[in-house]
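Here is what each chain is made of, one letter per residue.
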Amino acid sequence: MTGLLLEAFVYLAAAVIAVPLAKRLGLGSVLGYLVAGVVIGPVLGLVGSEESVTIQHYAEFGVVMMLFLVGLELEPAMLWRMRSRLLGLGGLQVGLTASLFTAIAWQFALDWRTALAIGLLLSLSSTAIVLQTFQEKGLSRSEGARSAFSVLLFQDIAVIPMLALIPLLALPELAAHGAGHGDGGHHELSLVAGLSGWLYALVIIASIAGVIAAGHFLSRPLFRAIAATGLREAFTAAALMLVIGIALLMSLVGLSPALGTFLAGVVLANSEFRHELETDIEPFKGLLLGLFFITVGAGVQFAVLAEHIGLVLALTVGVILLKALLLFALAVVFRVRRADGWLFTLSLAQAGEFGFVLISYAAQNSVLPTDLVPVLSLVVALSMFLTPLLFIAFDRLVLPRYAANEEQRDADVIDEQGTVIIVGIGRFGQIVNRMLRANQVPTVVLDRNPQQIDNMRQVGIKSYFGDATRPDLLHAAGIEDAALVVIAMDDQDQAVELTRQLKHARPGLKVLARAYDRGHLYALRDAGADWVVSETYHSALELSKHALRGLEYHPFRAEKLAHAFDLAETRGRDALYEEWLGKDEGERYGNSFQTLFLELEEALERLMITDRDDGHDRGERGWTPPPPHYTDSLKD
Amino acid sequence: MTQRRILVLFAHPSLERSEINSELLPAAQAHPSTTVVDLYAEYPDYRIDIDREQRRLCEHDVVMFLFPLFWYSTPALLKEWQDLVLEHGFAYGSEGRALAGKYFIAACSAGGAGYAYDAEGYNRFTLRELLRPLEQTANLCHMRYLPPFALFSSRTALKEGRLAAHREAFVGLLDQLSQGSLEDWERSEACTVNDSLTPGDSKGVAPS
Chain A
1 MTGLLLEAFV
11 YLAAAVIAVP
21 LAKRLGLGSV
31 LGYLVAGVVI
41 GPVLGLVGSE
51 ESVTIQHYAE
61 FGVVMMLFLV
71 GLELEPAMLW
81 RMRSRLLGLG
91 GLQVGLTASL
101 FTAIAWQFAL
111 DWRTALAIGL
121 LLSLSSTAIV
131 LQTFQEKGLS
141 RSEGARSAFS
151 VLLFQDIAVI
161 PMLALIPLLA
171 LPELAAHGAG
181 HGDGGHHELS
191 LVAGLSGWLY
201 ALVIIASIAG
211 VIAAGHFLSR
221 PLFRAIAATG
231 LREAFTAAAL
241 MLVIGIALLM
251 SLVGLSPALG
261 TFLAGVVLAN
271 SEFRHELETD
281 IEPFKGLLLG
291 LFFITVGAGV
301 QFAVLAEHIG
311 LVLALTVGVI
321 LLKALLLFAL
331 AVVFRVRRAD
341 GWLFTLSLAQ
351 AGEFGFVLIS
361 YAAQNSVLPT
371 DLVPVLSLVV
381 ALSMFLTPLL
391 FIAFDRLVLP
401 RYAANEEQRD
411 ADVIDEQGTV
421 IIVGIGRFGQ
431 IVNRMLRANQ
441 VPTVVLDRNP
451 QQIDNMRQVG
461 IKSYFGDATR
471 PDLLHAAGIE
481 DAALVVIAMD
491 DQDQAVELTR
501 QLKHARPGLK
511 VLARAYDRGH
521 LYALRDAGAD
531 WVVSETYHSA
541 LELSKHALRG
551 LEYHPFRAEK
561 LAHAFDLAET
571 RGRDALYEEW
581 LGKDEGERYG
591 NSFQTLFLEL
601 EEALERLMIT
611 DRDDGHDRGE
621 RGWTPPPPHY
631 TDSLKD
Chain B
1 MTQRRILVLF
11 AHPSLERSEI
21 NSELLPAAQA
31 HPSTTVVDLY
41 AEYPDYRIDI
51 DREQRRLCEH
61 DVVMFLFPLF
71 WYSTPALLKE
81 WQDLVLEHGF
91 AYGSEGRALA
101 GKYFIAACSA
111 GGAGYAYDAE
121 GYNRFTLREL
131 LRPLEQTANL
141 CHMRYLPPFA
151 LFSSRTALKE
161 GRLAAHREAF
171 VGLLDQLSQG
181 SLEDWERSEA
191 CTVNDSLTPG
201 DSKGVAPS
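Chains as they are written, first to last, in this note's numbering: chain A, 1 to 636; chain B, 1 to 208.
Source of the hints: derived by calculation from the structure; they are not laboratory data. Ideal Cβ placement from N, Cα and C applies to all residues, glycine included. Watch out, some of these pointers could steer you wrong.
Stated by the list, open to error - Where chain B lies over chain A, by a calculated footprint (3+ residues, C-beta under 8 Å): (1) 546–559; (2) 625–633.
As the list claims (entries may be wrong) - Restraint ranges, calculated between C-beta atoms of paired labels, are given here: (3) B:95 x A:441: 33 to 43 Å; (4) A:544 x B:46: 15 to 25 Å; (5) A:627 x B:188: 28 to 38 Å; (6) A:441 x B:35: 54 to 64 Å; (7) B:35 x A:544: 45 to 55 Å; (8) A:571 x B:46: 21 to 31 Å; (9) B:35 x A:518: 43 to 53 Å; (10) B:95 x A:518: 54 to 64 Å; (11) A:481 x B:58: 28 to 38 Å; (12) B:179 x A:438: 43 to 53 Å; (13) A:571 x B:184: 56 to 66 Å; (14) B:46 x A:543: 16 to 26 Å; (15) B:58 x A:538: 34 to 44 Å; (16) B:184 x A:540: 50 to 60 Å.
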């Protein structure tokens with residue numbers, strides 16, 4: 001127990017010290033984690049390779065979770081929108097880079113199968129580093145980052161067939177050799193150990209079908225039931241259970257856990273629980289991914305590095321240069337111009353974390369000779385180490401050159417309308433949503449009632465389950481890019497609380513809120529809402545207008561009276577609000593408030609009914625005829 | 001000849017205070033040849049149903065605007081009606097011949113005295129001149145424009161007991177529009193048609 005605690009403490013302490021330091025120096029958190037790993041591993045020897053194996057398992061789970069989240073992001077609609085870039089840019093990048101490196105490796109007299117595996121693993125870039133860095137540097141919305149994202153997405157998807165392909169590349173002579181020393185002692189639990197190939201294939205197909213079917217049919221009732229209890233921890237537990245369960249199943253049948261959770265993510269991408277799941281998994285992912293980078297750093301074998309320093313450095317620089325060259329060519333062909341083209345080129349030139357996964361997987365499957373493994377791992381790790389430096393090069397060398405064009409470029413980027421987040425999709429929110437949707441305003445709808453979300457989804461309205469008062473959920477729903485937020489939830493206190501939170505986090509964000517009654521309206525206004533409306537006010541006014549018409553008032557007169565009423569109400573509301581603000585909780589509706597209220601009611605009445613002697617009245621100034629002898633004064 | 005159908009487009013934003021038009025409105029409604037539309041009652045929120053208004057126009061032979069003169073023009077909703085309903089391709093333009101051959105007449109009440117509507121008066125122009133925009137609108141829509149029908153010094157008409165005669169003249173106007181000959185009026189350059197209707201209402205005649 002003490003050992004475990006000590007180890008956890010060492011890792012966390014390293015992260016806590018190194019990451020803020022790295023960020024301070026403008027290096028990005030990923031490099032911070034990597035350096036922290038190097039320091040506690042090879043440099044200080046605080047963590048040996050023995051314990052690291054266990055830690056590494058946890059760390060690899062970060063990758064599994066990341067793939068689950070990547071899967072969640074893969075909405076079919078979004079994929080379709082990105083299709084040309086995804087297939088064009090992404091497909092060409094992976095295809096060309098893999099071919100190039102395969103050819104080169106083959107030239108070095110390696111077996112073509114080994115060469116192909118190397119080509120494939122080097123074609124990938126580091127989703128974790130690149131996306132994290134984009135986010136940290138606020139580049140996510142630039143043209144270059146979007147192009148890079150589509151390439152990374154393609155790579156993440158391409159990993160799945162690669163994982164399927166590698167076992168087929170096994171070298172017979174290595175397989176014979178490897179069977180003997182295998183995994184040397186540590187016995188993995190497996191359901192498929194003794195099965196024949198035919199049966200094994202069947203089990204694999206059944207498990208994948210099981211994941212898809214369960215994701216599709218079982219997860220919803222399960223999540224809905226848990227959501228109905230209203231316990232946040234229960235939902236988090238269920239989300240973790242889902243990811244771990246699928247990873248477990250995949251390990252049991254000898255498949256990649258990453259593949260399984262990725263699939264589950266895709267299946268759930270259209271689910272109403274998507275944002276809530278993202279929110280729950282995200283912190284675990286972040287922490288474990290950090291751990292993953294630390295283990296990469298800790299795993300650097302200085303002995304190997306020292307022995308082959310020339311070779312490793314040459315290979316690393318060669319890999320980065322060749323990848324960058326290809327990327328630059330693609331940027332030119334796909335017209336990703338100027339600074340964006342450079343960002344695209346520099347950000348994707350490294351090898352990625354999936355490179356490690358593929359290396360160990362290929363080694364296990366007798367595709368890579370064991371003596372190549374440490375060298376390749378070093379090349380991948382070093383190229384990742386150098387990535388933050390490439391980003392720094394982008395910041396220092398590329399951006400200043402295009403600084404003059406910055407404004408122009410920004411104008412190009414902000415071409416799309418921001419989304420509107422609607423919190424609460426009951427009778428009120430639905431109307432707002434329909435109005436906005438009808439005008440092609442993209443909306444994201446959140447509600448805490450699973451039943452309501454279900455109803456909305458049945459009529460084709462995109463909506464998500466979630467508790468909007470959780471800041472991280474709003475984050476997942478895209479609060480950073482939202483143009484405005486409409487608050488139409490039933491719980492009054494939460495509506496006020498949410499308004500306060502939103503205004504605190506993004507003071508510039510427009511918040512439009514629905515109030516239940518007068519007091520709620522004041523509270524929302526006090527919390528900073530930009531515009532508040534009482535939920536029943538306008539419909540009641542509309543009805544009163546028709547009541548007057550029912551009493552044989554001329555329709556236009558009824559219309560005018562309603563306008564006058566509205567005007568008086570708006571003014572009175574301000575006065576009452578000031579009164580309400582000045583008082584403490586207990587006496588807010590005390591005597592002075594009531595007196596003011598009654599005064600205002602009387603004023604309203606006067607406004608409505610009192611005609612002045614000459615036929616002018618106060619409330620309805622329009623279209624009153626001039627006094628009978630007004631022309632006398634005009635004659636001269 | 002068959003009777004002409006008259007569409008009376010009535011616009012008064014404050015009917016409860018009206019003295020003249022509230023008298024003419026029932027007379028128009030009671031006439032057998034008319035369809036009367038109280039625009040402010042039908043569209044209190046200004047959301048005019050263009051198709052329905054165009055259908056109405058097509059079903060009638062005479063179009064009458066009945067309104068109190070506001071700042072030498074129609075009340076706002078009646079202007080809105082013109083802006084929306086007289087569409088290109090319907091009322092004007094190479095394809096727009098839906099109103100061709102129909103008659104147009106403005107019937108209004110004016111606060112100023114008849115003599116004020118004159119080059120010498122403080123209004124500086126005759127009523128007909130002031131209503132030229134309507135005349136040219138009718139012209140562009142291939143309609144036959146008739147001189148306006150008017151009540152002057154409207155704010156004192158009730159007190160001075162001129163209303164009954166005016167109402168009578170109005171009914172006479174409707175009769176003439178529905179079955180009388182309109183050729184003389186169509187050619188006339190008179191300021192109003194009042195002269196040929198009500199010899200008794202001397203105040204309505206603009207002195208020259």
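Here is how each hint holds up against the structure:
1. 546–559: Holds: 6 residues of the segment 546–559 of chain A have a Cβ under 8 Å from chain B.
2. 625–633: Since 7 is at least three, the answer is holds.
3. B:95 x A:441: 33 to 43 Å: At roughly 36 Å between Cβ atoms, residue 441 of chain A and residue 95 of chain B fall inside 33 to 43 Å, so the hint holds.
4. A:544 x B:46: 15 to 25 Å: 20 Å, holds
5. A:627 x B:188: 28 to 38 Å: Holds: the Cβ-Cβ distance is about 35 Å, inside 28 to 38 Å.
6. A:441 x B:35: 54 to 64 Å: Given range 54 to 64 Å: violated, Cβ gap about 42 Å.
7. B:35 x A:544: 45 to 55 Å: 31 Å, violated
8. A:571 x B:46: 21 to 31 Å: 24 Å, holds
9. B:35 x A:518: 43 to 53 Å: 47 Å, holds
10. B:95 x A:518: 54 to 64 Å: Holds - the Cβ-Cβ distance for residue 95 of chain B and residue 518 of chain A, about 56 Å, lies within 54 to 64 Å.
11. A:481 x B:58: 28 to 38 Å: 51 Å, violated
12. B:179 x A:438: 43 to 53 Å: 50 Å, holds
13. A:571 x B:184: 56 to 66 Å: 58 Å Cβ-Cβ, so the 56 to 66 Å window holds.
14. B:46 x A:543: 16 to 26 Å: 20 Å, holds
15. B:58 x A:538: 34 to 44 Å: 37 Å, holds
16. B:184 x A:540: 50 to 60 Å: 57 Å, holds
Comparing the model with each earlier hint shows violations of hints 6, 7 and 11; every other hint is respected.
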